[in-house]
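Chemist: Residues per chain, in single letters:
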Amino acid sequence: MSKEEKRVGVFICHCGKNIAGGVDINALLEHAKKLTDVVFAAENRFTCSEEGQATICDAVKEHNLNRIVVVACDPTLHSATFQRCGEKAGVDPAFTELIDIRKWTMPGSPQKVDQEQALENSKRLMEQTVKRIRLKRAIPQVEVIVEPSVLVIGGGIAGVEASLDLADKGYKVFLVERLPTIGGKMALLYKVFPTNDCAPCILAPKTAYANMHPNITLLTNSEVVDVQGHVGNFQVKVLKHPRYVDEKKCTGDGICVEKCPAKAPSEYSAGMGKRKAIYIPFPQAIPRKAAIDADHCLYFQKGICRVCEKVCPTGAVNFEQKPETMELKVGSIIAATGFEEYDPSKKKEYGYGLYPNVITQFQLARLLDIDGPTKGKLLRPSDGKEPKNIMMIQCVGSRDEKANVYCSSVCCMYALKHAQIIKEMVLHDAEIYICYIDMRTPGKGFEEYYKQTRDLGVTFIRGKPNEIMEDPKTKNLIVVVEDTLLGEPVMFEADLVVLSCAIVPSQGMKQLAEMLRIELDENGFFKEAHPKLRPVETNVRGVYICGCAQGPKDIPDAIVQAKAAASCADSELRKGKIMLPEFIVKMGKTS
Amino acid sequence: MRRRDAKFKDEVLSAPGGETLQRCYQCGSCTGGCPTAALTNFRVRTIIHKTLLGLKDAVLSGKDVWLCTVCYTCQERCPTGVDVTELMIALRNLASKADYAPTPFKSVLKSLFETGHEFPFTGFTRKLRVESGLDEKPPLAINIPEALEEVQKLMKLAGASRILEATEVKK
Amino acid sequence: MREYALFLGCLIPARLPSLEAVSVKVLEKFGIGTRPMIGASCCPDPIVMKSLDYKAWLAIAARNLSIAEEMKLDILTLCSGCFSTLSKANKVLKENAKLKDEIGSFLSEINRGFSGTINVRQVAEVIREIGPEAIKQRLQRTLEQWRVATQHGCHLVRPSDVLHVDDPNRPTILDEIVSWVGAKPIEYPLKMLCCGVGIKAIDPETNLIMLREKLESIREAEANCIVTPCPFCFIQFDMGQREVNRKFKESYAFPVFYITELLGLAVGLSPEEIGLQFHTTPVKEV
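Chains as they are written, first to last, in the numbering used here: chain P, 178 to 768; chain F, 27 to 197; chain L, 937 to 1222.
Don't take each hint at face value.
[As the list claims (entries may be wrong)] Subject to a maximum C-alpha distance of 30 Å in a straight line, what follows is the list of computed DSBU-like cross-link-like pairs (lysine-lysine):
id	chain 1	residue 1	chain 2	residue 2
1	F	Lys132	L	Lys1036
2	F	Lys35	L	Lys1027
3	L	Lys1036	F	Lys33
4	P	Lys523	P	Lys265
5	L	Lys1030	F	Lys35
6	L	Lys1008	F	Lys163
7	L	Lys1183	F	Lys132
8	L	Lys991	F	Lys132
9	P	Lys426	P	Lys440
10	F	Lys136	L	Lys1220
11	F	Lys179	L	Lys1008
What the hints contain is simulated information worked out from the structure, not anything from laboratory work.
Since we're looking at a predicted model, the values are computed, not measured.
Full structure from sequences and hints, please.
Modeler: What follows is the structure in structure tokens.
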């Protein structure tokens, strides 16, 4: 044939009663037959079923169809199904389209309309689609050789796990981390539930291997500043901030840290301790290299000192270090940027920031850590005494219309963990109260963990405290909470109050999302392509998300998502080449 | 065994102030900060729960709904967005329609209807005003008959005046 | 000269007229003019009337708002209760189309209408706007001997989505004004506790216990007077102290100042000019 004759087949789906119950299928069918170039039209109860698909294939062969319009449900659900089916019978996927009329007919659909309106809408949509499919030309697909490398943004447990998986599969991995060390929040947890394993101990094998793996390039103290290109060929600019220490020469012996005279608040002690201006973040830090905090360094601020330079045996200190921009070419990107703890000073009624003995669970974790600011002794901030009555308050900033509406998933468990640590290891006689709205302990081993905690003598009060007041003399906290199971307000005097705060998206996610051209959900976490079926993919092919960057979750779930994201990247890149629409490659932008 | 009125919840939901009733997840934050709860058996949270269950008689006929001081602490702190105080007021409106308004409150309404003000302007008032260097009779509704008529007309249109004819509150 | 439509309410003109007089006097000194709202009635109050019949409450409030709309002036209230009612009514009528129509039909029967063209201000807000410099310039009396327990009251700052005056949990508006006039604001744990006047008629005993807790907290913090922008809190403390003393065999004697009384003292008005002699708890110079 010179000019190819267009032969369109229209397949109208009943979807059981979902569509058939809300629109006149017969009328729609008759209308389809009248449209230009439609040579075949049929209805089917469930077009996506094997039987339904077979109908399409048979019709294509029998009637020489070269264009397929399926009138049914949301294209994101079954476009691929019908395109594959059409392809099997010889129709270019570009000429198979699925259109959604089910949104107008299905009970419960927010866009449902009455039968007449549904028929009108469906007729119009069908006409437009048939016209389009007649007029469109297939976009030429070109073969692109992919870069066999992956950029992983974020060096927490999710980022590290994804990097290791991909590196083991043979890909080159660039692991970019904003802080001077990898390990993320997990390194600061002291212990993890429900095993009560030492967190840095179980983390270290992974981070150590990531540091040594021949396929992984660790870029710490670095940030992604630009992303161009498309799946298979992303061009990424990474800005490496100077740490003023030559990583190749630094042995991590810590002499500089000992001799440095300048102090700064320590992020790794959650504001409860100090570190030096030149510092190694924590003993198990990887890479174990010093870094200088220019904001607190006496040389950068006042032009004096430079003691670290003098005492370093390998001459690793380099005040002249400049920021470096690196350009990377990668085939795929995984965003694993983690989370932050909600700042409860916004909840003024709890007095965080005003009352010294109101702290957060992350701060408590640092206090309990034997490598933390108090070497594992639980000493309360106002007077350094060991508390006898500790109250934990759940859902601070979570399940809250004025803060974050979602449940942060892990706080019930980590409150139980800290209660266990305190009772078993630190202060056996302390009275611990946990004020909760619901105890959410669904994971494997979690219900048993809850029982263990009750057996240790921790008291649970079902009720959310309305406010916390401070006794100005003793700095004890007065908490009035309604015990809803009792139906009575009860007053507690606690020496220490610990707030279980929400998990919120980390700083800079919005800018990173813009660079990657992925979306954020309504709570500011990266948005997955489909919440049920595609939790680690995004709207951009080749860009994947995992860990808390996608939503609050615990470590096992973060690892599962990391491995899933690595698998997705592998699926894209393993053949060494992919087919992409020509215009994308020409434009050099992501689809 | 309590008797339920399945329509009670809908009555409350459609009253001004009652729209957010269903959001409650019974955390008790409201009762925790309530000044009256600390000193009596008044429990805001329980009243909401009873309302959701449809225990109309218990809620409307009881003394409890009238023990709210309308301080708005509960509403301000509710994490799930229930307008708790407005809800208490909506319940009071329903109780008032069912003739459960307390006598002291009804006297206030009576004064409003008869003078346009909830506090009486007495001879003592005039004396105090003069001593303070003010006009004896300020240009308010109590001293301007047309204004008072307007207020009374509004009260009649809204149906408030029937409360004056209702029976005493049942303790 | 900034002008407001002065909404008096009921309690002040009927029982505490000296507060009306001193407020007008003091505001004038700072260039704030007030015009009477002719024919205004009770706001009506946000506790009793709102509970008995919401629509009547809304209609009468709308009528008061319409008087100010005719004057084309924002309302200045001297009472937090009036502030709460008029602010909420203003907001509800602006946002709820159904209620706006219904109340609008009531109002048209008395040849009035609601347009939503004015705002409602509380006197404490307006004083805050005067600012520290303007106040300090006019200071004529030293007040540093006064250690003030501020009683913001419930209806000045809550609910915060209606009244955008200050932080609802830890407001500082009164403490700021107190420090601007040279007195010392004192923190005390039960600062934001309700004065209890809402249940005074229903459960007078609980009301007195609540009041006593507040007074005890103020005493422990070693304050020597109380300042409030609401006449209901004013009456609770000024007269209520006597009842608390009688019932609990206590001897509380904190002088209570309404916010413009304090400002009046600061700018040199004499106690008689202010009307301190009308207080129940005597105001003795410290």
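Chemist: Confirm or reject each hint.
Modeler: These are the hints, each one checked on the structure:
no. : hint                   : result
1   : F:Lys132 <-> L:Lys1036 : 26 Å, holds
2   : F:Lys35 <-> L:Lys1027  : 25 Å, holds
3   : L:Lys1036 <-> F:Lys33  : 26 Å, holds
4   : P:Lys523 <-> P:Lys265  : 59 Å, violated
5   : L:Lys1030 <-> F:Lys35  : 27 Å, holds
6   : L:Lys1008 <-> F:Lys163 : 25 Å, holds
7   : L:Lys1183 <-> F:Lys132 : 27 Å, holds
8   : L:Lys991 <-> F:Lys132  : 16 Å, holds
9   : P:Lys426 <-> P:Lys440  : 24 Å, holds
10  : F:Lys136 <-> L:Lys1220 : 39 Å, violated
11  : F:Lys179 <-> L:Lys1008 : 25 Å, holds
In this structure, the hints that do not hold are numbers 4, 10, in rising order.
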